[in-house]
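Asks: Using the hints, position chain P with the ligands against chain Z.
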Amino acid sequence: MGTRQFGARVRRSEDADLLRGRGRYVDDIHLPSMLHAYFVRSPHAHALMKGVDMAAARAAQGVAAVLAIEDLPGAMRSARIPTVIALDDGVALRTQHCLARGEVNHVGQPVAVVIARTAALAEDAAAHVAVDYDVLAAVSDARAALAHDAPPVHCDLSGNLAALVANGYGDVEAAFAGAAHVFSDAFWMHRGGGMAMETRAVVAHEDGASGMLTVWSSTQTPHLGQRILAELLARGSDTIRAIAPHVGGGFGPKAPFYPEEAVIPAAALLLGQPVKWTEDRHEHFLSAAQEHDQYWTLAIAVDQSGRILGLRGEMILDAGAFAPWGNVMPNIAAVTLPGPYVVPAYGFAVKVALTNKVATVPVRGAGRPQAVFAMERMLDRVARELSIDRAEVRRRNLIAAEAMPYTRPLVFRDAKPITYQSGDFPRAMHMALASARYDGFKDRQARARAGGRHIGIGIANYVEATGLGPFEGVSVRVLNTGKVAVATGAADQGQGVRTTLAQVIADAIGCRIEDIEVRVGDTGAIAQGVGAFASRQAIIAGSAALMAGEAVRRQIVALAARAFAVEEAEIEVADGVASARGGNRPALSFAALARLAQGEPGAAFAAGQMPGLEHVAYFAPAQASFCNGTHVAEVEVDALTGAVRVLDYCVGHDSGRVINPMIVEGQVQGGVAHGIGNALLEWMRYDETGQPLTTTFADYLLPTATDVPTCRIAHIETPNPLNPLGVTGAGEGGAIPAPAAIVAAIEDALSPYGVRFCEMPLTPERIVAALREAGAYARLAPI
Amino acid sequence: MSEHAVTLTVNGVAHARTIEGRVNLADFLRHTLGLTGTHVGCEHGVCGACTVLVDGRSVRACLMFAVQADGRAVTTVEGLAAADGGLDPLQAAFREHHGLQCGFCTPGMLMTLTEFLRENKTPSAAQVREAIGGNLCRCTGYAGIIAAALAAARRIAADGA
Ligand code: FES
Ligand code: FES
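So the protein lines, in turn, are chains Z and P.
Numbering-wise (my numbering), the first sequence opens with residue 598 and increments by one.
Numbering-wise (my numbering), the second sequence opens with residue 13 and increments by one.
Mixed in with the good hints, there may be bad ones.
Unchecked claim - Some, not all, of what chain Z presents toward chain P, calculated at C-beta under 8 Å:
(1) L615
(2) G1091
(3) L1299
Claimed, not checked - Label pairs and their in silico Cβ distance ranges:
(4) P:G83 to Z:G1048: 54 to 62 Å
(5) Z:L628 to P:D67: 32 to 40 Å
(6) P:T134 to Z:T600: 34 to 42 Å
Hints were generated in silico from the structure; no laboratory data involved.
Idealized CB from N, CA, C, for every residue including glycine.
Bound conformation, chain Z alone:
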């Protein structure tokens, strides 16, 4: 038998090329006679366009075409980009046109495109496109946008309230009326961008001979892109091949379909030449979707001992000008908020506000970091007010392991009440606290304080809904070379999907992992697909891989049994060879079997035999899965400067059974880094007229190697019964509780001064301001 791959720290098959500089990202693609595009973008947050004068640009050196919306083909002249997620009635969210149509609604919105011989010439010529704007009032703060006299974000809408979403259960009024204590707080929370290191990029080319339009895009969802592009171009999707080659990070903003992904193919078709567009980082800040601000008020009702009786919240969600991923955020927030806790009565209402800012889309964690932040900060408040240890307050409220499966009467995206099938929340918290040496922390803190140092510890628990539908597919085919070709609609932006799926398939079929070649993110390799979001790929594509692999193994067994004239039970498959246990142990390699499976011209197949050794399986989850965990952060705060250093970071992580611990740990560690960014650094600022103020990495700060400690991760593996692999997904969990744990730790470090923090990011300026307000500097030794 070959070694079992599931659960092993298998080194990634992706790495060999990437380490040698042989990756193939979209901007690496070079096609003969390829032209280059540069987009003219709106400098205004809101304006009407009275005219676009393209004559000078069209006459500029090296220019092949300058296109505004009227120059685009067919439906692209009038239709907005089709939505992939249907909106409920009355929800006034929308997608954009492929190029602005008479009105611009945020700075950076694409207005026209210049196509030229080189990227530099296209950019030169773009400076000569003259757009006559009638500048209108704009609004950038979601709270201001909801005022009755606020300027409308879109001229055809009377107001900026795009949706009202309410969710909850139980008798909330009664819970609050009868509670021993009620506490409430207001929160401001910000996420910012996904900030993948690779910006967006598109190359499109129609092959004259085959009539096939190939589009390479740095996207998380090539199959969705193919579908939308087919609709916009009124073309059969079988004449469009969408490929996401190597993609340099995704994190959410590469999930939706963008205007540029329609305009570049349209230009390639119009000009009959390949066209490339690569976004620069400045453009990325202006035009790649982000998460914006959330403003919460949250009230909690507890009994004498700190047990939760009720929870009531309201949120204003800043949706920006466009929402290509629909209205999913309010429900994610509502479902995430109660988390791992018993909450007998619960009410939550969201106002979704339009603003004149770039489009919104869920970023890694998809609104959950904010919900967890609010809930965990609230529990810290309860602990403090009732003088109970923060871990103890949580212990008293956590859902017990014996209570699984635990159903909460809240309806999620899958239209089912949420049910936690698996997980042992108290154990996850216990493990994280133990590795953080929580019990000894009070002593460490006292010693540090005696030495003039401010250290603190923070705890945050979370539950994340993962593995959302509708489906994902995997095809497995044994080639005549004996290699196993695998294709999937799942897409990889660094998660190691190729390696993970190969591990599952090697075990299922009985072959060496090196003999498996996985193609991801190519509509030409598998007809149906969805893509990467919601920590779904190990669950859904992984399960499909298992199903397809097992089916091919059954084909191999049947074929070998026939060839050796033995019972199927006699056949053994390992390391790419099928053999019979008995007799002289006849054996056939996968290469020989693949040839045999194609038959001979003229010869008849056995009854029921199908040609080839191949199978396509689709896995459609019945409902969402839930992963969970606890994060414990220890920080040191420099009270004079407000600088925060994360000293130690411990994670108790339950993502069900783990296919590859190395990859899962990498996902958690990377997620924590993202969470540290959200807790302390990342802030996409706009002025009140909607002008972006942070459009370089010198203004919008990402965490660096000196900001992120190496986490200590303890795995808890409670198998998930909802899929055959028992996995629950790991892509986003690291990012979700990190801001809550870190800000709690900062507050704890500064507890002698009584300061409280209800915001993320928490910047040094804010820390210093809070300390000053609390009179801390009078008590700190003068420097």
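Replies: Frame of chain Z, contents of chain P with the ligands only:
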């Protein structure tokens, strides 16, 4: 746009080209010479993805004009692996310690650390963190990169001993 003659070596291979003065070294390597291993993440000198060695010193190729590399020797990520294609100790350690996910920051990390490890034979984790403090990685949270650099240092020391 004025054109300039540039002669340089990249990974030991001599190249002579005539290019516009405004072309930066990163674009020259990627699009003129077709060496797309060097990546561009920001074009404003912060992310470090474009890091290459010029006469052995790390530089941000997005902040240097190609004409400034005239007469110099440039090393890119494509020049790290041995002639037989085997990974060098640092590259091998990145694979072993999961020092990369999407791989986009990786060429810059490798070039920065190549220079660092040449000058720091027995680095501490804190020194490695400082060394890559100017290279952004959005995927890994840096832990695997730091582990890889430390392992590579040990390996290089052992091989040299
Ligand atoms: S591309 Fe040169 S530093 Fe970012
Ligand atoms: S591995 Fe993706 S940015 Fe570093």
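Asks: Checked against the structure, which of the hints given earlier come out wrong?
Replies: Result: no hint breaks.
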